[in-house]
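K.L.:
Make the full structure from the sequences, and use the hints.
Below are the chains, spelled out letter by letter.
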Amino acid sequence: MSTTKLTLGQKDARLGFKLVLPSVIIIGLLIVYPIFYNIYLSFFNVKMNGDAFYIGFENYNNVLSDPTFWASVGTTFFFVIASTILTTLMGLMVALVMNKKFPLRGLVRSLVLLPYVAPVISTVYSWQFFFDPVNGIFMHLLVDVFHLSASRFNLIGDPQYAIWVAIIFSVWKAFPFTYLMILSRLQTIDNTLYQAAEIDGAGDIRKFWSITLPELYFVMGSIVLLRFIWNFNKFEEVYLLTDNVKVLSVYTYFKAFTGSMDLGQGSALVVIQFSLLVGLILIYVKKVLKW
Amino acid sequence: MVNKKNKVIKNIGFTLLVLLIVTFCIFPFIQMLSTSLKFSWDWGNPSLVPTEINTGAYSEILGLSEDIAVELPASVQKLLDETPNLTSAQRATIVEKYTDTSDVFPFFKYFFNSLKFSLIASLCSLIIAIFGAYSIARMKYRGQKLIQRGVLFVYMVGGILLLIPLYKITTTLGLTGSEGGTTLSLVIIYIVQTLPVCLYMLGNSFRSIPFSIEEAAFIEGYSRFQTIVRIIIPLSFSAIATVWVYSFMIAWNEYLFASVFLKSYTNMYTLPIALKALFVSKNAIWDRVSAASLLTAVPVVILFMLIQKFLSGNKSEGGVKE
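Going line by line, the protein sequences match chains A and B.
Mapping the first sequence onto my numbering, position 158 (from 1) lands on 158, and the numbers just tick up by one.
If you want my numbering, it's the position in the second sequence, counting the first as 1, plus 1000.
It is worth saying that the hints were derived from the structure and are not from the lab.
Please note that a few of the clues may not be correct.
Claimed, not checked - The calculated DSBU-like cross-link candidates involving lysine-lysine, where the alpha carbons are at most 30 Å apart (straight line), are:
1) Lys207(A) - Lys1140(B)
2) Lys1140(B) - Lys11(A)
3) Lys47(A) - Lys1276(B)
Bear in mind the structure is a predicted one, so any value in this text is a computation, not a measurement.
P.N.:
Next comes the structure, spelled out in structure tokens:
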């Protein structure tokens, strides 16, 4: 055997490496490198004409001493926590409903997927129209039908209410995914468990708490974490619906791409957001992928 | 007797719950359809059935009517009526401003722009990912585990986190200066946005194919490459179709990068940014925005309906991304 000849295993390893190489190059150049480049950029004052001057930690100082930044961190966590909880509950409820047999179930299943499938941009305007102060049905119900408010007002225009609209929209958009994941787990639960519980005299509620929920524990845990991570980075769903809800992504977008286009400070913001995200991902990898 | 009554109540409650869920899901779409067919004086009408059908929005957006007459918004008409001290020149300017047809929404132009970006990016991404995912899922070499974990990690990094560095890099390279360079940048960016999810989903699916099938192919004298093309790809057809639809959808729906990169190239606008531009362009455009929204959603909804049978039931293809 000559040493220059590769063994079959080595040959295979080479081929394997060649096959994955394009993916690695693309991800390396356009995801990994930009992440580091972004950290580098965050230490510079980037002018609109492209010039950059090293300024140390000034961008970070500016960001961290800005009360609007902290407000946006608060908004982000409020939005993410509320939308994650509500999405999961809604997904769980719908999964439980869909796990039962009823007429037209196939049709209902397709319809429930619609919010998830449709582009964000084509659904935001319908929601805006729904809450529109002049034409919207919501104000019609609130003022003219139920008399809960004396006059019509611009709900989405007011940050205090707009965040709830953003949360409801996010739930509407995301719960079909949660429901699909939970349903596919529900369908694998061994039916004999329920039969045994029935013999022991357990009612529907008891069966839910003692069998269904423990069985769903892991899948729900991973869905909650994933939803948390995804919603943490959400931009389009919030920004296109209302620019009154300044979650971190929207805040960064405004800083970096409007007005004086401060890319340096934008980078610092991204580094901060990214660090928080990495923390979340590490929890995900540790907790969920070990399961 | 009591049991039976309980059961009836339960059934009614259950049916109501299903109706509620369905209403919650489809109401925005129904409203879109309804608004797109209403005349502007009918918008405040809470009924979803238009008093009178107006197909003007569709014929305008789809370019069906030759000369387009934009209706004067009611609020503007009211303003004109209530302020008699305007000169006729001022009146004419206001009327002209609100009935201007220069910014009508050429749906098909934006549609084909979107189609171009989404098709090229999703197909490239799919082809690269099929081989990459196979390699990660089935072959052994140094660094394979690292790459596998890396994919899972970058799967969660996206959007705003990459926008600033990628924008800076492409402007530094001078790519954003020309239409061709911008197209190239955006296509590559869309490939990157969809590649991790393709790798992840396809990897999961390839792992579910029994290795004995591949072994049999090797014994028959197939090379690795032949095995991928003749065995793996046909066997995971449903997964590949699903992954392709996903990546097509990600590119089709993408707003953030398009809004920054195509800002000064109105001709290259994709549907999402064109729709946003339409919305902020003028007052009183609910019918046109609704019609355009609905038409933008149609292609991805159809694609999804086609692959839906792969999604439902017990067979979930391992995680999916939004």
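K.L.:
Run every hint past the structure and note whether it holds.
P.N.:
Okay, the hints, checked on the actual structure:
1. Lys207(A) - Lys1140(B): Outside the cut-off at roughly 45 Å; violated.
2. Lys1140(B) - Lys11(A): Judged against 30 Å, a Cα distance of about 11 Å means the pair holds.
3. Lys47(A) - Lys1276(B): holds (28 Å)
The structure does not agree with numbered hint 1 stated previously, though it agrees with all others.
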